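The listed protein sequences derive, respectively, from chains A and B.
Remember, the numbering used here sits 271 above the position in the first sequence when you count from 1.
Remember, the numbering used here sits 46 above the position in the second sequence when you count from 1.
Some clues are possibly wrong.
Unchecked claim - Only some residues are given here: those of chain B computed to face chain A with a beta carbon under 7 Å:
(1) 94
(2) 95
(3) 96
(4) 130
(5) 132
(6) 140
(7) 169
(8) 171
(9) 173
(10) 177
Claimed, not checked - Below are the SDA-like pairs computed for lysine to any residue, each with C-alpha atoms no more than 25 Å apart in a straight line:
(11) A/318 with B/126
(12) B/106 with A/362
(13) B/106 with B/126
Quick caveat, the hints were computed from the structure, so don't treat them as lab data.
In this text, all values refer to a predicted model and were calculated from it rather than measured experimentally.
From the three backbone atoms N, C-alpha and C, an ideal C-beta is built for every residue, glycine too.
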Amino acid sequence: MAWESRGRRQYFYRSRRIGARVFKEYLGRGAEAAAAAAEAGARRSEKLLELRAQAQFDDQIGAADALFQRLDRLTNALVATAMLLAGFRQHHRHEWRRAHG
Amino acid sequence: MDEATIPFPNLEDVVTRARRGDRDALPELRELLRRHPDVVEKVGDLAQHAQQAWLEVLTKRDHDGTTDLVAQEAISQRAERLRCEIAGQNPTALESLVVSRIVLCWMQIHHADVAAAAAAIATPRVLETIVRRQERLARILKSSIDQLAHLRRLPATALRLVTDAA
């Protein structure tokens with residue numbers, strides 16, 4: 272989506288995907304073009320805001336979350352160790368039952 | 047905590063093999079525990095690091111990056127009360143570890159609730175991330191509670207049995 276220069280004038284084009292193909296749609300330089308350009312600008316700003324907010328959230332919790340995930344995996348492994356060594360087997364990754372034989 | 051301070055990094059692999067019915071894996075697990083009797087304690091240290099990290103996340107002020115020490119103390123005390131209530135009297139080291147994970151889930155769920163409500167970051171994409179986190183934390187919380195119930199049903203934990211047998 273962009274303004275493109277043709278001679279001294281600028282014309283607005285909008286990209287549209289139909290199936291697997293992308294088409295360039297000519298909107299000219301009138302009111303429709305201005306509205307589409309404003310809409311495209313607003314969408315870009317919104318996307319940028321989303322990306323920034325996501326990055327900020329990831330930064331905020333990243334290190335603490337990594338520690339927790341590691342703890343979670345190790346705790347699962349230790350609990351499973353205890354259960355297996357006590358003679359239990361896990362059925363369908365949920366219920367622990369005493370193994371027979 | 048760096049990787050080297052956690053004994054036997056291949057623990058998860060051996061457990062996976064044991065779960066799949068590999069008979070060689072159980073003696074290997076016994077041997078690993080015999081050689082590293084402090085493994086639960088070491089992972090307990092990791093739990094403390096994780097709790098401190100989450101306390102900082104929960105109490106860091108967004109506008110200037112400083113820490114609200116009063117809030118940190120209040121959350122810390124509340125976490126400790128929760129830990130005592132859930133752990134009960136004389137928990138084994140492994141039960142304490144599972145309780146630590148429950149407390150950490152509680153802290154993270156609290157964080158996720160606040161984050162979801164905060165208009166500043168509650169853009170649809172972030173909100174989606176937070177909702178997925180809440181769902182994952184709820185699953186971990188439920189599984190931790192189940193694990194604690196399983197461990198409490200054991201006459202003694204396998205770790206203690208192994209220590210006694212060694």
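The hints, checked one at a time:
For residue 94 of chain B, the shortest C-beta to C-beta distance to chain A is roughly 10 Å, which exceeds 7 Å, and the interface hint is violated. Checking residue 95 of chain B against chain A by beta carbon gives a least distance of about 6 Å; that is within 7 Å, so the hint holds. Given hint, residue 96 of chain B at the interface with chain A, holds; its Cβ is 4 Å from that chain's nearest Cβ, closer than 7 Å. Residue-level restraint check for residue 130 of chain B is violated (minimum Cβ-Cβ distance to chain A is 19 Å; threshold 7 Å).
Interface hint at residue 132 of chain B: violated, since its Cβ lies 14 Å from the closest Cβ of chain A, which is beyond the 7 Å cut-off. At about 6 Å, the closest approach between the beta carbon of residue 140 of chain B and any beta carbon in chain A falls short of 7 Å, and the interface hint on this residue holds. Because the beta carbon of residue 169 of chain B sits about 5 Å from the nearest beta carbon in chain A, less than 7 Å, this interface hint is met. Interface hint at residue 171 of chain B: satisfied, since its Cβ lies 4 Å from the closest Cβ of chain A, which is below the 7 Å cut-off.
For the restraint placing residue 173 of chain B at the interface with chain A, the shortest Cβ-Cβ distance is roughly 9 Å, beyond the 7 Å limit, so the hint is violated. A hinted interface residue such as residue 177 of chain B counts as satisfied when its beta carbon comes closer than 7 Å to some beta carbon of chain A; here the least separation is about 12 Å, so the hint is violated. For the proposed pair residue 318 of chain A and residue 126 of chain B, the alpha carbon gap of about 41 Å is over 25 Å, so the pair is violated. Between the alpha carbons of residue 106 of chain B and residue 362 of chain A the distance comes to roughly 43 Å, so the proposed pair goes past 25 Å and is violated.
For the proposed pair residue 106 of chain B and residue 126 of chain B, the alpha carbon gap of about 20 Å is at most 25 Å, so the pair holds.
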